[in-house]
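Make a model of the complete structure from these sequences and hints.
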Amino acid sequence: MDSSVAVSRFLTLLGAGVLCLLTQTGHATLAEGFENGLRPGESLIGDVGIQANYFGIPATQGNNQLLLTTINAAPNSPDADAGYTPQSGNNAVAVSSLASFFGISESAIKNGTRTGQEGSGFAINLGSLSAGSAISLDYDFLTQEPSDGSGNRDFAFYTLTNQNGVTVIKDVFGATDSTPSSPSGNPFGNQSDYLNLTINVPTSGNYTLGIGVVDTGSVSTDDAPSALLVDNIQINPVPEPTTIAFSIAGASLLVALRSRFKKSS
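The sequence shown runs 265 to 529 under the numbering used here.
Treat the hints as calculated values from the structure; they're not laboratory data. Among these hints, one or two may not hold up.
As the list claims (entries may be wrong) - Straight-line alpha carbon distances no greater than 25 Å define the calculated SDA-like cross-link-like pairs of lysine to any residue that follow:
id, residue 1, residue 2
1, 374, 357
2, 374, 324
3, 374, 300
4, 374, 387
5, 374, 327
6, 374, 454
7, 374, 417
8, 374, 337
9, 374, 342
As structure tokens, then:
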């Protein structure tokens, strides 16, 4: 075999090995895809349920996704009078119940100066996570409120163990696209489309992730609900130091050998 061919094959194999090591450093674990119902360590409150393709919006992983809404169709409520019905069969709950569910104060469920009034929530115990790892999820915010903010600024948020208050994920200003026109019956006219959120884990410990969506309008007059679709919750671990070191060393060796091979050719 010609020596140049042998060296070229060696470099190709070395490159494949380095690529394999680099791939291993970013390997993520699926924490929840909602394919088999709720698991131990998960809880919900309000209008929350697992959906398949939701009025033309497919899941991003597998076939199922979680839907949380602000619909409260109690008798004589604005939502009931407007013809809305809970998507799970359960009504959204008051912000006081949401605050108790997430273990935070009512005043913390806020988007700027507007505080949530009623909505729904989901919590998942992610177990022990190391500092430097990351939580990721896919989400799609849906709303019947106008996207210019001229109505109520409904919003979606998350909570995390040992974190004060909430972090707003998306509000009506981000719902700039129309929902699919077919099939008919979708109670939400605008959406953000599916986006990805990454949450970095600051310190090692046991973590619970909470996800919620709330109305900010008066419970006695607001008849424009909002919702949040969630899917593909993953844990991205901290890369092993030895794996990183071997990857860097392998990449450096590959560059050096290729350079030397080109000079000798």
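Hint-by-hint comparison with the structure:
1. For a cut-off of 25 Å, the pair hint linking residue 374 to residue 357 stands: about 16 Å separates their Cα positions.
2. For the given pair, residue 374 sits about 28 Å from residue 324 by alpha-carbon distance, which is inconsistent with the 25 Å threshold.
3. As the CA atoms of residue 374 and residue 300 are separated by approximately 33 Å, the hinted pair breaks the 25 Å bound.
4. Among the hinted pairs, residue 374 with residue 387 is consistent with the structure: their alpha-carbon atoms are about 18 Å apart, no more than 25 Å.
5. For a cut-off of 25 Å, the pair hint linking residue 374 to residue 327 is broken: about 32 Å separates their Cα positions.
6. Proposed proximity of residue 374 and residue 454 is supported: the alpha carbons are some 21 Å apart, at most 25 Å.
7. A distance of roughly 10 Å separates the Cα atoms of residue 374 and residue 417; the hinted pair therefore holds under the 25 Å criterion.
8. The straight-line distance between the Cα atoms of residue 374 and residue 337 is roughly 23 Å, inside the 25 Å bound, and the hint therefore holds.
9. The suggested pairing of residue 374 with residue 342 holds, with an alpha-carbon distance near 22 Å, which does not exceed 25 Å.
Violated hints, in rising order: 2, 3 and 5; the structure is consistent with all others.
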